[in-house]
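Let's have the full structure, built from the sequences with the hints guiding it.
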Amino acid sequence: MCNNNISNKSRVHNWEPTTRAEIIHLIGLLSYMGMVRMNSLRDYWSQKWLLKSDVARNVMSRNRFEILLKMLHFSDNEQCPEGDRLYKIQPLIDMLTKNYQTVYTPGKTFCIDETTVPFQGRLVFKQYNPQKTHKYGIKVFKLCCNNGYTWNISIYAGKEKTTDNPLAVSTQIVLKLAKDLLGSGRLCITDNWYTSLQLAHILLDHKTHCLGTLRTNRKGNPPEVIKKKLKKGEVFSQENERGICLVKMARQTGCLGFVHMSYRPNGRNSTPRKIYSKAHSYRAL
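Residue numbers (my numbering): 732 to 1016.
Some clues are possibly wrong.
[To be verified] BS3-like, lysine-lysine: derived pairs with alpha carbons at most 27 Å apart: (1) 907 x 870; (2) 910 x 819; (3) 910 x 873; (4) 740 x 829; (5) 839 x 829; (6) 890 x 863; (7) 829 x 890; (8) 873 x 819; (9) 829 x 907; (10) 783 x 801; (11) 857 x 829; (12) 857 x 783; (13) 907 x 950.
The set of hints was computed from the structure by calculation and includes no laboratory data.
These figures come from a predicted structure and were not determined experimentally.
Here it is in structure tokens:
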């Protein structure tokens, strides 16, 4: 309140202590705004007949809403460690993920993927992806169940400057998100950014199976499979002594998975479906 950078006309000078009930109302309004989208924040309090809605105005004034957002903190700014970009919201993230994992237990199958939360403001770790509908935003890695439930999240805050971890970044993300589900015989499904032989071996060490598409230029790929020329409709596969099977289909990316070499999960019910009858043992993976 004594900061000289605050204007004399700032609403901060009219600050009044908040209450638990008011914060609950604030969270409720934020949830409502996430479901009912309007062009601008002002529109939720608009008096125009085309936009008029009593929901926000009956909860609190726009001035109060904005000042609460301005003052809302989850951590002490004066204790922020150097280089921790998520320090201010980390307690909130931890609380949410704890609740996610408390109310639901994943089944035998889960997947690792990422999503982009649209964001146009100034942020050092804001991502740009021209192939997405929302080109700018915050990347969030997620562990999801086969019914779409988000069980764990990790926000990407930029590349770490120094790290002694020999594992690939994509492998680290999978192990971080799935650490509490390893060792129980579950199946982890990944896309080609995460899938690698390295990941398959590590997950197998933790009694977890892996299934996913594999980039042909991934380090450690067996050249016998990657360079194999196939005709339309043909399938070629190789398996190592641990049962890790690499499958190549004509005009498709290789599929890496620790599954029975004559079957693969088909659809949500994971009903076995035969995809090929002959496999070639591969001992050098």
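Here is what the structure says about each hint:
{"no.": "1", "hint": "907 x 870", "result": "16 Å, holds"}
{"no.": "2", "hint": "910 x 819", "result": "24 Å, holds"}
{"no.": "3", "hint": "910 x 873", "result": "13 Å, holds"}
{"no.": "4", "hint": "740 x 829", "result": "41 Å, violated"}
{"no.": "5", "hint": "839 x 829", "result": "20 Å, holds"}
{"no.": "6", "hint": "890 x 863", "result": "21 Å, holds"}
{"no.": "7", "hint": "829 x 890", "result": "25 Å, holds"}
{"no.": "8", "hint": "873 x 819", "result": "20 Å, holds"}
{"no.": "9", "hint": "829 x 907", "result": "14 Å, holds"}
{"no.": "10", "hint": "783 x 801", "result": "25 Å, holds"}
{"no.": "11", "hint": "857 x 829", "result": "25 Å, holds"}
{"no.": "12", "hint": "857 x 783", "result": "34 Å, violated"}
{"no.": "13", "hint": "907 x 950", "result": "21 Å, holds"}
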